[in-house]
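J.: Spelled out, the chains give:
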Amino acid sequence: METSIYAVVAFYGLAATILGAATMVVFMRNIVHSVLFLAITFIAMAGLFLSLDADFIAAVQVLVYAGAVCIMIVLGIMVIQRTDMNETNLFNKQIMAGAGLTALTVAFGAIFAGRTAWVELVAADAVPANTVDAIGALLLSKYVIPFEVAALLLLVALVGAIVLARDEEVQANADN
Amino acid sequence: MTPFDFSIPINPSALTLEMLVAALGLGILILGIISPKGARSGLGWVSFLGLMGIIGVAITMWGQSGELLAGMYLLDNYALFWKITFMVAAALVILGNMRYVDKVGNQAEYYSLTIFATLGMMVMASAGDLMTLYLGLELMTIAFVILVCLRKTDNKSVEAGMKYILLAGMSSAVLLYGLSLLYGLTGSVIMLDISRIIAMQPVSPALVLALVMIIAGLGFKISAVPFHMWSPDVYEGAPTPVTSFLSMGSKAASFAIILRLFITALPGVWENWAMVIAILAGITIIIGNLVAMPQTNIKRLLAYSSIAQAGYIMVGMVTASEAGIKGVMFYAFLYVFATAGAFTVAAYFYNVTGSDELKDYAGLSQRSPLMAAVMLVALLSMAGIPPLAGFVGKFYLFKTIVDGYLWLVFIGLIMSMVSVYYYLRVALVMYRDEPKDPSPINVSGPVTVTLILTMLVTLIIGIYPGPLSEVVNSAAHSFFLH
Chain A
25 METSIYAVVA FYGLAATILG AATMVVFMRN IVHSVLFLAI TFIAMAGLFL
75 SLDADFIAAV QVLVYAGAVC IMIVLGIMVI QRTDMNETNL FNKQIMAGAG
125 LTALTVAFGA IFAGRTAWVE LVAADAVPAN TVDAIGALLL SKYVIPFEVA
175 ALLLLVALVG AIVLARDEEV QANADN
Chain U
2 MTPFDFSIPI NPSALTLEML VAALGLGILI LGIISPKGAR SGLGWVSFLG
52 LMGIIGVAIT MWGQSGELLA GMYLLDNYAL FWKITFMVAA ALVILGNMRY
102 VDKVGNQAEY YSLTIFATLG MMVMASAGDL MTLYLGLELM TIAFVILVCL
152 RKTDNKSVEA GMKYILLAGM SSAVLLYGLS LLYGLTGSVI MLDISRIIAM
202 QPVSPALVLA LVMIIAGLGF KISAVPFHMW SPDVYEGAPT PVTSFLSMGS
252 KAASFAIILR LFITALPGVW ENWAMVIAIL AGITIIIGNL VAMPQTNIKR
302 LLAYSSIAQA GYIMVGMVTA SEAGIKGVMF YAFLYVFATA GAFTVAAYFY
352 NVTGSDELKD YAGLSQRSPL MAAVMLVALL SMAGIPPLAG FVGKFYLFKT
402 IVDGYLWLVF IGLIMSMVSV YYYLRVALVM YRDEPKDPSP INVSGPVTVT
452 LILTMLVTLI IGIYPGPLSE VVNSAAHSFF LH
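Chains as they are written, first to last, in this note's numbering: chain A, 25 to 200; chain U, 2 to 483.
Any given hint could turn out to be false.
Mimicking EDC-like on lysine to aspartate or glutamate, the simulated pairs with C-alpha atoms at most 16 Å apart in a straight line are [what the hints assert, rightly or not]:
{"#": "1", "chain 1": "U", "residue 1": "LYS157", "chain 2": "U", "residue 2": "ASP357"}
{"#": "2", "chain 1": "U", "residue 1": "LYS360", "chain 2": "U", "residue 2": "ASP438"}
{"#": "3", "chain 1": "U", "residue 1": "LYS38", "chain 2": "U", "residue 2": "ASP103"}
{"#": "4", "chain 1": "U", "residue 1": "LYS164", "chain 2": "U", "residue 2": "ASP234"}
{"#": "5", "chain 1": "U", "residue 1": "LYS104", "chain 2": "A", "residue 2": "GLU192"}
{"#": "6", "chain 1": "U", "residue 1": "LYS153", "chain 2": "A", "residue 2": "ASP157"}
{"#": "7", "chain 1": "U", "residue 1": "LYS38", "chain 2": "A", "residue 2": "ASP79"}
{"#": "8", "chain 1": "A", "residue 1": "LYS166", "chain 2": "U", "residue 2": "GLU68"}
{"#": "9", "chain 1": "U", "residue 1": "LYS360", "chain 2": "U", "residue 2": "GLU471"}
{"#": "10", "chain 1": "U", "residue 1": "LYS437", "chain 2": "U", "residue 2": "GLU323"}
{"#": "11", "chain 1": "U", "residue 1": "LYS157", "chain 2": "U", "residue 2": "ASP234"}
{"#": "12", "chain 1": "U", "residue 1": "LYS153", "chain 2": "A", "residue 2": "ASP191"}
{"#": "13", "chain 1": "U", "residue 1": "LYS104", "chain 2": "U", "residue 2": "ASP155"}
If you're looking for bench data, these hints aren't it; they were derived computationally from the structure.
Required output: the full structure, derived from the provided sequences and hints.
T.: Pasting the structure below:
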């Protein structure tokens, strides 16, 4: 497959944005700023999906992650009491150990991945113009079991969130 | 690719068990909403009887084989045996702990989440591709996270839930990274295809990286040393029935997918992972047993002992042979009964006395001879003392590695002897010491049944392992038929 120079530039630009923004998520001391950088990370990820012709996944990434997830986090921060906004995303004392471990993991990952002769896997079919149809059909045919399990997983998470967040006193009153 | 390609046939009857369990879980949830508060303790019986019925259906399906959706879902005796094991574990936990659950409250959620966790395990046992495997794993894990912090007015329980979700999330991330590398290398998520493609390629460094990440990610789930740090805290903080289900169900299900992943998908790189697994098994056996010795809390003691038990089970993976798989399944099955016995005693004891401390078990043999006897049999079985089931199980496991891994056999032998020390310490406290409070403990009906059942199974399998051994043989044999 021929790779155009634009695709290469776009990939490296997006990859640098993702890594830079993700690092800032960790290093910002104010958690709201972290969330904003998280949104940038998610949007750049959507860009990566777009460069792979996965337009539906890119849209979902923007809607669900950059939109809903980030806003949920901000709402969560809003309702939780805190003293000083500038001290909401702090480091613990293990910063050196953490840095060392991260450096080691990245180094090993880079060395191992770099020394691998990657085989370019070419998909049997070209990406269809309308990816939503294809994804929908696959979800309900070949991938129907993981799809249904995911549905139950969401139900379980929902039940759990309600059970854990429910106020016991309100619950007791409702029962009486 | 045509937009509506339903050419791959789905046979719904092959998924009977999963659908029944899902229906049972949903049914309990709905029953919990529509029934009045006083009637909710009956949900335990509904769950138990429902599970027993499904176990019955499962037994009639013995011998089924095949692949659904081009290898996405594997049906064989191997998967079926694990599914029955998980359901038996869930049924024992439910039967033995109804009163404990009534005390905690939220019965509908408790029982339905237990059943959904079981469903997650069952999906894992049959998973033939990485996505089904991962989603089954997450269904189980998320259900467990909620169960662990269900006693939400107790700080320890909430702390345990926090620790569990953070570390489970991290281990899932590591596992997913490994799986994604595997997909990147082979272009397939289906294990049978992965195995074929890997066999054609030379072993690449990225594959080694993927292996390391998968071992680390799944090592967390089975709490193998050095990925075990979370388990004692979580085991101690969680409600005791959940601890019990966590240590048998979650661990057994993780072993089911580890075997599938390593022996079905990655047999081509066996020489790359066999030694790693052997060394991890050795370390896990040593550390688990040594750290269990000074414990004074019964739940922490059982937690460390279950780390050591995971080490013994890992021994069966090393040779990637039919005999090894048989050993793993045999041991996991009897481990379910021993664990259920020990934890049911612990949960009931906590119910009566409000204590998990070992010193409060003093004179238990005078207060409740049955509880003391069951605890003793369960612990001795875990230690591997003949004629109890644990001895036969360890024999099957270590028999597979006598050629080539003799050092591991010695570690296992020596550490089993060491483990007798702390298991017998519990026995000594129960049988020798005088109770501070000599009032007898009355054991309720369902608990008595659970305790006697676990004790009988542990004894009978130890003396007469033939039938179970044959069943497990057939299950292990079916593993290689795909």
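J.: Work down the list of hints and note, for each, if the structure agrees.
T.: Hint check results:
| no. | hint | in the structure |
| --- | --- | --- |
| 1 | LYS157/U x ASP357/U | holds, 13 Å |
| 2 | LYS360/U x ASP438/U | holds, 12 Å |
| 3 | LYS38/U x ASP103/U | holds, 11 Å |
| 4 | LYS164/U x ASP234/U | holds, 8 Å |
| 5 | LYS104/U x GLU192/A | holds, 14 Å |
| 6 | LYS153/U x ASP157/A | violated, 44 Å |
| 7 | LYS38/U x ASP79/A | violated, 50 Å |
| 8 | LYS166/A x GLU68/U | holds, 12 Å |
| 9 | LYS360/U x GLU471/U | violated, 42 Å |
| 10 | LYS437/U x GLU323/U | violated, 51 Å |
| 11 | LYS157/U x ASP234/U | holds, 9 Å |
| 12 | LYS153/U x ASP191/A | holds, 10 Å |
| 13 | LYS104/U x ASP155/U | holds, 13 Å |
Hint violations for this structure: numbers 6, 7, 9 and 10, all remaining hints satisfied.
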